[in-house]
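S.K.: Sequence:
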Amino acid sequence: IAAGCRPLNYTDHQNCLLFFRPPLRGLSTSNSRNSPDSWFKSLFVRKVDPRKDAHSNLLTKNEESNLYKIQFHNVKPDCLDSYNKLCEEVLPIIHADKYYPCELVGTWNTWYGEQDQAVHLWRYRGGYPALTEVMNKLKQNQEFSAYRKERGKMLLSRRNQLLLEFSFWNEPVPREGPNIYELRSYQLRPGTMIEWGNYWARAIRYRQHNSEAVGGFFSQIGNLYMVHHLWAYKDLQSREDTRNAVWHEDGWEEVVYYTVPLIQHMDSRIMIPTKASPLQ
Numbered sequence: 001i002a003a004g005c006r007p008l009n010y011t012d013h014q015n016c017l018l019f020f021r022p023p024l025r026g027l028s029t030s031n032s033r034n035s036p037d038s039w040f041k042s043l044f045v046r047k048v049d050p051r052k053d054a055h056s057n058l059l060t061k062n063e064e065s066n067l068y069k070i071q072f073h074n075v076k077p078d079c080l081d082s083y084n085k086l087c088e089e090v091l092p093i094i095h096a097d098k099y100y101p102c103e104l105v106g107t108w109n110t111w112y113g114e115q116d117q118a119v120h121l122w123r124y125r126g127g128y129p130a131l132t133e134v135m136n137k138l139k140q141n142q143e144f145s146a147y148r149k150e151r152g153k154m155l156l157s158r159r160n161q162l163l164l165e166f167s168f169w170n171e172p173v174p175r176e177g178p179n180i181y182e183l184r185s186y187q188l189r190p191g192t193m194i195e196w197g198n199y200w201a202r203a204i205r206y207r208q209h210n211s212e213a214v215g216g217f218f219s220q221i222g223n224l225y226m227v228h229h230l231w232a233y234k235d236l237q238s239r240e241d242t243r244n245a246v247w248h249e250d251g252w253e254e255v256v257y258y259t260v261p262l263i264q265h266m267d268s269r270i271m272i273p274t275k276a277s278p279l280q
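In this text, residue positions in the sequence shown follow UniProt numbering: the first is 1, and each later residue adds one.
Just so you know, these hints were derived from the structure itself, not from any lab.
Predicted model only: the values in this text are computed from it and were never measured.
Among the hints, a few may not be true.
[What the hints assert, rightly or not] Straight line, CA to CA, 25 Å or less: simulated DSS-like cross-link-like pairs of lysine-lysine:
#	residue 1	residue 2
1	Lys-69	Lys-137
2	Lys-98	Lys-234
3	Lys-98	Lys-85
4	Lys-85	Lys-153
5	Lys-76	Lys-98
6	Lys-137	Lys-76
7	Lys-98	Lys-139
8	Lys-139	Lys-153
9	Lys-275	Lys-98
10	Lys-137	Lys-153
11	Lys-69	Lys-149
12	Lys-85	Lys-137
13	Lys-76	Lys-275
14	Lys-275	Lys-149
15	Lys-139	Lys-149
16	Lys-149	Lys-234
17	Lys-69	Lys-139
18	Lys-76	Lys-149
19	Lys-234	Lys-139
20	Lys-275	Lys-69
21	Lys-153	Lys-234
22	Lys-234	Lys-76
23	Lys-69	Lys-98
24	Lys-98	Lys-153
25	Lys-234	Lys-137
26	Lys-137	Lys-149
[Stated by the list, open to error] DEER-style ranges, computed between Cβ atoms:
#	residue 1	residue 2	range
27	Asn-136	Glu-240	41 to 47 Å
28	Gln-142	Val-256	48 to 54 Å
29	Ser-238	Ala-96	30 to 36 Å
30	Lys-149	Thr-242	41 to 47 Å
31	Arg-125	Cys-79	28 to 34 Å
Ideal placement from N, C-alpha and C gives every residue a C-beta, glycine not left out.
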């Protein structure tokens, strides 16, 4: 403390906070708009860029209107084999039946990540009307009702999300195996989905040399601002080699530099396809 100066007491401290407190963002009145300090207050007001369309329409393939559902089922450890067998008996039937406008894209067990977990990915051609049609028809399907009842005995918990696919990713198509799959899930900061899409529209070309890119999706219902990237590799060593090689691509480091700050949380699952999966 300098000579001749006294320490600040509580009242002094409160006055200092009031003096240096910035103006509240976005609040103004008709009396303050013409005040001399209104220009200073405007510095703290964030301007919003006008948009003529929803984020989902700017990022996805509008002409195809595909909707995806991803399901995460946490299975009782001693029931996983029985669960897989039950799914192998029922899910391919729904997939092959043209009565239901849906397709089973892939079904897996998590190998590394959350244990004793099953992941299913469905595609609905025709969007929300197709999803509603399938749900209504399955309610009348007694075999499916029996399947759900038996499945419920084997589960600890379950959750799902409705997704759209990024326009710059290829649509997931069946592939021969054997492969392992990695599902990388990113929880983005709210308001950053367009920015993420802009960077990955350029970045995806770096990740297609070994045909590892399977699909890219973003959530519409469920956990919002969630992105899922699905990759396929021959094995874990192939994954390591492929991921290391991309760092030799000019421009990849820039993508990582600008997209990492957009992420709040990220998760990786290594998954093994089940017998019923079109993605092997």
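S.K.: If a hint holds in the structure, say so; if it doesn't, say that too.
M.R.: Comparing the hints with the structure gives:
no.	hint	in the structure
1	Lys-69 / Lys-137	holds (17 Å)
2	Lys-98 / Lys-234	violated (32 Å)
3	Lys-98 / Lys-85	holds (23 Å)
4	Lys-85 / Lys-153	holds (14 Å)
5	Lys-76 / Lys-98	violated (33 Å)
6	Lys-137 / Lys-76	violated (29 Å)
7	Lys-98 / Lys-139	holds (17 Å)
8	Lys-139 / Lys-153	holds (19 Å)
9	Lys-275 / Lys-98	holds (21 Å)
10	Lys-137 / Lys-153	holds (23 Å)
11	Lys-69 / Lys-149	holds (20 Å)
12	Lys-85 / Lys-137	holds (23 Å)
13	Lys-76 / Lys-275	holds (20 Å)
14	Lys-275 / Lys-149	holds (22 Å)
15	Lys-139 / Lys-149	holds (12 Å)
16	Lys-149 / Lys-234	violated (36 Å)
17	Lys-69 / Lys-139	holds (18 Å)
18	Lys-76 / Lys-149	holds (15 Å)
19	Lys-234 / Lys-139	violated (39 Å)
20	Lys-275 / Lys-69	holds (20 Å)
21	Lys-153 / Lys-234	violated (34 Å)
22	Lys-234 / Lys-76	violated (29 Å)
23	Lys-69 / Lys-98	holds (18 Å)
24	Lys-98 / Lys-153	violated (29 Å)
25	Lys-234 / Lys-137	violated (38 Å)
26	Lys-137 / Lys-149	holds (17 Å)
27	Asn-136 / Glu-240: 41 to 47 Å	holds (46 Å)
28	Gln-142 / Val-256: 48 to 54 Å	holds (51 Å)
29	Ser-238 / Ala-96: 30 to 36 Å	holds (31 Å)
30	Lys-149 / Thr-242: 41 to 47 Å	holds (42 Å)
31	Arg-125 / Cys-79: 28 to 34 Å	holds (32 Å)
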